[in-house]
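*Asks:* Sequence:
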Amino acid sequence: MTEHSSVPITPSLRIAELEMALLASQLHLRRVQRLNQDLTHVIDALIHQLRMMTTRATNFLGVTRRTWGTPPPAAEHAAHHVEHTLDQLMTVLGSVDDYMQLRHWSIWEEHVDLARLLPGILAEVRMPPDGSRVRCTYDPLPTLSGDRHALTRILVELLSNALKFTRTCSAARIHIHVLENDVEHVIGVSDNGVGFDMRHVGRLFQLFGRLHPSREYEGVGVGLVTVRQVVERIGGRAWAEGEVGRGATVWLAWPKALPPTVPA
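Residues in the sequence shown are numbered from 0 upward in steps of one, following numbering that gives the first Met the number 0.
Treat the hints with care, as some may be off.
Computed spacing ranges between beta-carbons, pair by pair [stated by the list, open to error]: (1) Pro71 <-> Leu49: 27 to 35 Å; (2) Trp67 <-> Glu231: 49 to 57 Å; (3) Ala44 <-> Asp181: 44 to 52 Å; (4) His47 <-> Gln25: 30 to 38 Å; (5) Arg115 <-> Ser11: 55 to 63 Å; (6) His47 <-> Arg13: 49 to 57 Å; (7) Arg13 <-> Arg115: 52 to 60 Å; (8) Arg125 <-> Pro71: 34 to 42 Å; (9) Thr57 <-> Ala170: 37 to 45 Å; (10) Gln100 <-> Phe59: 26 to 34 Å; (11) Pro71 <-> Val177: 54 to 62 Å; (12) Ala170 <-> Gln228: 27 to 35 Å.
No wet-lab data here; the hints were simulated from the structure. Beta carbons are placed, not taken as given, at the ideal position from N, Cα and C, and that holds for glycine.
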């Protein structure tokens with residue numbers, strides 16, 4: 000054999016190389032999973048500590064205000080501003096905690112009849128009754144393969160958003176669309192509210208992404224991120240369409256068959 004000769008690649012050698020590559024990939028995946036778990040524990044601990052400190056600050060502010068008697072207007076205004084900021088911080092912490100919990104939510108596959116699920120969801124979001132300024136309609140609802148709790152949280156989020164962004168409408172219209180193809184059900188929640196500029200649609204699905212001022216519309220920009228994350232975990236898709244002043248529709252494509260193993 001000359002110095003320029005190469006070792007022939009036999010099937011057994013190729014298999015050994017593939018096995019080594021697979022082992023390296025598995026080790027890398029385990030390291031990433033361990034780092035992810037460590038990060039989750041750090042964030043959970045941080046949320047817990049911040050909640051405790053915020054609660055203490057709120058309690059201290061309450062005690063201070065009770066000892067003031069009748070404070071000067073400037074002091075009362077400052078105290079009110081601090082109280083409002085602390086309330087907002089607690090809301091943000093709660094939303095981030097929900098987001099982190101849903102990242103590791105175990106999704107169980109079952110048959111979920113949306114028609115039976117919807118009345119409880121409408122009650123939870125406090126959908127006004129028929130004949131009020133809000134009219135909520137829906138197409139015939141399917142039975143999906145999925146997790147009842149996950150689907151409930153998704154629809155609560157979408158309908159809550161629709162109610163929030165139609166609150167200034169004298170005649171609000173909310174509709175649940177249902178489409179279907181060979182592999183998925185496509186469900187959309189539309190409204191005739193304030194809408195949004197499609198040039199900024201990407202921000203809707205970013206953590207803390209907001210397209211409307213918080214002083215006019217409550218929320219911290221976590222809900223739709225959570226919706227997309229849950230839907231994508233089961234192999235689906237989520238997206239939004241809208242037009243300023245003419246409303247919006249948030250769509251989700253839900254697979255008819257969930258993958259054999261839903262990632263945690």
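*Asks:* Indicate, hint by hint, whether the structure satisfies it.
*Replies:* Comparing the hints with the structure gives:
The beta-carbon spacing between Pro71 and Leu49, approximately 31 Å, falls within the hinted interval of 27 to 35 Å. Restraint check, Trp67 to Glu231: a C-beta distance of roughly 51 Å satisfies the suggested window 49 to 57 Å. Judged by the Cβ atoms, the range 44 to 52 Å given for Ala44 and Asp181 holds: they are separated by roughly 46 Å. Roughly 33 Å separates the CB atoms of His47 and Gln25, a value that falls within the hinted 30 to 38 Å.
Remark: the range hint 55 to 63 Å for Arg115 to Ser11 is upheld by a beta-carbon distance near 58 Å. Taking 49 to 57 Å as the suggested C-beta distance range, the pair His47 and Arg13 conforms, at roughly 51 Å. Against the hinted window of 52 to 60 Å, the Cβ-Cβ separation of Arg13 and Arg115 comes to about 54 Å, which satisfies the hint. With their beta carbons about 39 Å apart, Arg125 and Pro71 fall inside the hinted range of 34 to 42 Å.
Hint check: Thr57 to Ala170, Cβ distance near 40 Å, so the stated range 37 to 45 Å holds. As the Cβ distance of Gln100 to Phe59 is approximately 29 Å, the hint placing it in 26 to 34 Å holds. For Pro71 and Val177, the Cβ-Cβ distance of about 58 Å falls inside the hinted range of 54 to 62 Å, so the restraint holds. At about 34 Å, the CB distance of Ala170 to Gln228 agrees with the hint of 27 to 35 Å.
Hint check: no violations occur; every hint is consistent with the structure.
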